[in-house]
Structures are given as structure tokens and as C-alpha cells.
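Number of protein chains: 2
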Amino acid sequence: MAEYELYCFAQSGNSYKVALMLETTGQSWSPRFVDFFNGETRSPDYHEVNIMGEVPVLVRGDMRLSQSGVILDYLAEQTGQYRWTSEDERRDILRWLLFDNHKLTGYTSVYRFMRNFIEEPNLAVLDFLGGRVKTAYSVFDAHMKDRDWVVGDRATIADLSICGYLFYEDEIGVDFAADYPAIAAWLERIKALPGWKHPYDLMPGHPLPKG
Amino acid sequence: MAEYELYCFAQSGNSYKVALMLETTGQSWSPRFVDFFNGETRSPDYHEVNIMGEVPVLVRGDMRLSQSGVILDYLAEQTGQYRWTSEDERRDILRWLLFDNHKLTGYTSVYRFMRNFIEEPNLAVLDFLGGRVKTAYSVFDAHMKDRDWVVGDRATIADLSICGYLFYEDEIGVDFAADYPAIAAWLERIKALPGWKHPYDLMPGHPLPKG
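Protein sequences appear in the order of chains A and B.
Note that my numbering has the first sequence beginning at 493, numbered continuously upward.
Note that my numbering has the second sequence beginning at 493, numbered continuously upward.
Be aware that one or more of the hints could be misleading.
Identical chains share a label here; the pair holds if one copy fits it or two copies do between them.
Claimed, not checked - Restricting the straight-line Cα-Cα distance to at most 25 angstroms, the calculated cross-link-like pairs of lysine to aspartate or glutamate (DMTMM-like) are: (1) Lys626 x Glu612; (2) Lys626 x Glu611; (3) Lys637 x Glu495; (4) Lys689 x Asp580; (5) Lys626 x Asp527; (6) Lys626 x Asp537; (7) Lys626 x Glu540; (8) Lys637 x Glu540; (9) Lys702 x Glu540; (10) Lys626 x Glu661.
FYI, nobody ran anything at the bench for these hints, they're computed from the structure.
With the sequences and hints as input, model every part of the structure.
Take a look at the structure:
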């Protein structure tokens, strides 16, 4: 039996943030597939697991944690990896976690969902979300111009959080190399982390059944 | 000269989160008005202050902090108020800060902005955002049903964060008392905190100039 169980599914970049941390730090973990596309996260049973109705949820013994940023924070303390080295650095990491959840992952996740998994999405809404996504990428690309990692001089949980949806590049419809070169170079650095895998190779549920 | 300077403006609920903390903990602070509606946050000068192009920013001597959640975390440690008492509680507060930034404040802020400060907003986008806002309020109302405060048995920075936009009730167009009674009761508790003020009484820039 694995030490950690992760409620997740392959298309969830928020779950990927945690799966990538578990995998690259060599934890004993197993995925618990959540059937999001058939409504599992909207069921009363799932709301018992997480009142917010979201993945990921990490289970270890009697402990159950939700919100990817909280889980990453917990695993950083448990493993000593991807961690801050001072309170100032903890807050700088928190700053990027919040920016990511609000602006970068926040808008990317719903934009990519509508682009790929909804039939006939409203084009005005799609356009609105696409604009927000581009603004977030511009801010982040400017931050990454002269640096290798989001905070400090090594990968931290801020990097794992922000990259959550960005390996679904075709589904977002952006060309990072052409339009956000600092982000593209940073994504290559993340791919080079020992044990790195694409979300579709790390979590169950890909490809989606047809029809 | 005040100990703290806060880059803010009256219509910014994210700034209000910090202003309310400074005020109710009795800090020496002064507002530094940001002319958001005339584009100040999009100027190169402002991006020197905060690369994310956002308010609030808190200044204390040489220190400059951005992201309301980070500033609240800092002030909780400095003042010892609205603070966690254990690492588990710190993470539970973080969980609600992240939910707030992503889902509750995140969608409320842009929805209320489009409803009030944009001429002829796109109705499909407004409808989309309104749906997201209601989902967030339903989740939060369910959480508050049998409790007085977001985490534990007293007000913490999670409460200050989540209430950021909710006193602009008319501008959001919700009736908390009718539709989200647990939220309405909790907002009354926040209003009863010693030193509480409405955002329009706490920060400069209200009302907006006509035309």
C-alpha cells in the first residue's frame, strides 16, 4: 500500500502539480481516479471528501488535504525538497502561488477546458478568458527573463505550481517558444528535472473515451 | 510619518483586506492613492513597484510586499493578531486564502468591475462570471453554516481575505441575507470587529469623478 493517495485525473493540471512533486521527490504514491467528466466532483459523496468540490486531494492515513498550494506546502515540509529556506522566501513563494492560482492557472484552466472539452463554447467568453491568459503569461514571462527559477536559484513549489497546465500547450493554443521565450526556456528546465513526466503519463484518464 | 504605507484605492477589495487589518490592529499606516481608473497600474513606473501590475502593495522602510495574502501573512506574524496557532492551522488558512483568490475574490472582483465600471459589458461574459461567483458563494455559505469564523473559533486573516469585496454588496448585485444567510451572518460578525470600516470610508478615491 502506497504512503500517499492522490485524488486526481489526467486532464487536471492542478492535480499534476502535486503528482509531479510526489514523483520527482520519489514518494510512494498511487492515484485515485476521479471521474470528473461524468460529474464525480459535483456529487454529494465527493463534497464529503472536499467541500470545495475540487481535485486534487491528498490522503495520508487519516489526513486529508485539499488545494494544490496547501499540499505542495505540506510536501515541501515533509520531504525538505522544493522548499523555502527563510520566512522571506516562504512569502515570496506564496506570492507566486497566489498569482498562479488567481491569474495564471486560474484563467488557463477554464480557458483550456472551454476550448477542448465543451461543445460550442461561447466565443465572447472564450475571447475574454484568452485575453486574461495572455496577460498572465506576459507578466510571468517578464519575471522569468533574467532568471532560471521562479524564486531563488533552484526549483521550488512555486515552479511546480505555475507549470501545472503549461505542458498541455496544444490544448491551450499558445506557442511559448515564439511568444513567451522565457517561459519556454523555463519549461525545458522543468522537463529536465529527474523523474519528470507529462501529465498524461503520470495520472489516469487519458485519452478520454469517445462520444 | 506612518510606519506602513499602503498602495491602494477605495474600489479595490484586495487593498481593503490589508487596510482592514492595519486599521483593526491599530497600526500606524497611511494610504498611497493609486489612480487605477486612469491607468496607473498599467504604467511602466508602477511595474517597477509591482511587476504583477496590481494593488495592494505594502511598504515599510525598504521592504515592499505585494499580493494581499502575502501581506496578511506578514502582518499576522508582525502583530500576532488574526494569526494561526499551529502549522496545521496555517495550512487550513492558506487553503481558504487560495480558494478566495482563485474562486471567490477572483471572480467577484472582475464581475463587479464589469457590472459597475465598464460601459456596455458583454452580457455573455457577465453571465459566465456571475455563475462562477454564485458557485463560490454556495461553497463558502455551506462551509459557514455551523461556524462563526472561517478557520478555528476566532477571526483570522482568512476572514479578512474572503470579505474583501463582499461589503460592495449592491455593486455585486447579491442579497446575502436572502440567498446566503450563513455568509450574511458572518459579515455582521466582521462588521462588529472593533475599528471596522467600510472600504469606501477607509481608502481614498470614492466616489469616482463623473464622466
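Results for each hint:
Taking the shortest Cα distances, Lys626 and Glu612 sit within 25 angstroms of each other both inside one copy (22 angstroms) and across copies (23 angstroms). For the homomeric pair Lys626 and Glu611, the shortest alpha-carbon distances inside one copy (23 angstroms) and between copies (23 angstroms) are both at most 25 angstroms. Proximity of Lys637 to Glu495 under the C-alpha cut-off of 25 angstroms is found in neither arrangement, the shortest distances being 39 angstroms within a copy and 34 angstroms between copies. In this homomeric assembly, Lys689 and Asp580 never come within 25 angstroms of each other (Cα to Cα): the closest approach is 31 angstroms inside a single copy and 30 angstroms across copies.
For a Cα distance limit of 25 angstroms, the shortest separation of Lys626 from Asp527 across copies, 24 angstroms, qualifies, whereas the shortest one inside one copy, 30 angstroms, does not. Taking the shortest alpha-carbon separations for Lys626 and Asp537, only the inter-copy value of 21 angstroms comes in at or below 25 angstroms, while the best intra-copy value is 36 angstroms. Only between protomers do Lys626 and Glu540 lie at most 25 angstroms apart by alpha-carbon distance; the minimum there is 20 angstroms, versus 36 angstroms within a single protomer. Taking the shortest alpha-carbon separations for Lys637 and Glu540, only the inter-copy value of 15 angstroms comes in at or below 25 angstroms, while the best intra-copy value is 43 angstroms.
Proximity of Lys702 and Glu540 under a CA criterion of 25 angstroms is satisfied in neither setting, with 30 angstroms inside one chain copy and 49 angstroms between copies. When the C-alpha separation of Lys626 and Glu661 is checked against a cutoff of 25 angstroms, the pair qualifies only within one copy, where the shortest distance is 13 angstroms, while the shortest distance between copies is 30 angstroms.
Hint compliance for this structure: hints 3, 4 and 9 are not met, and every other hint is.
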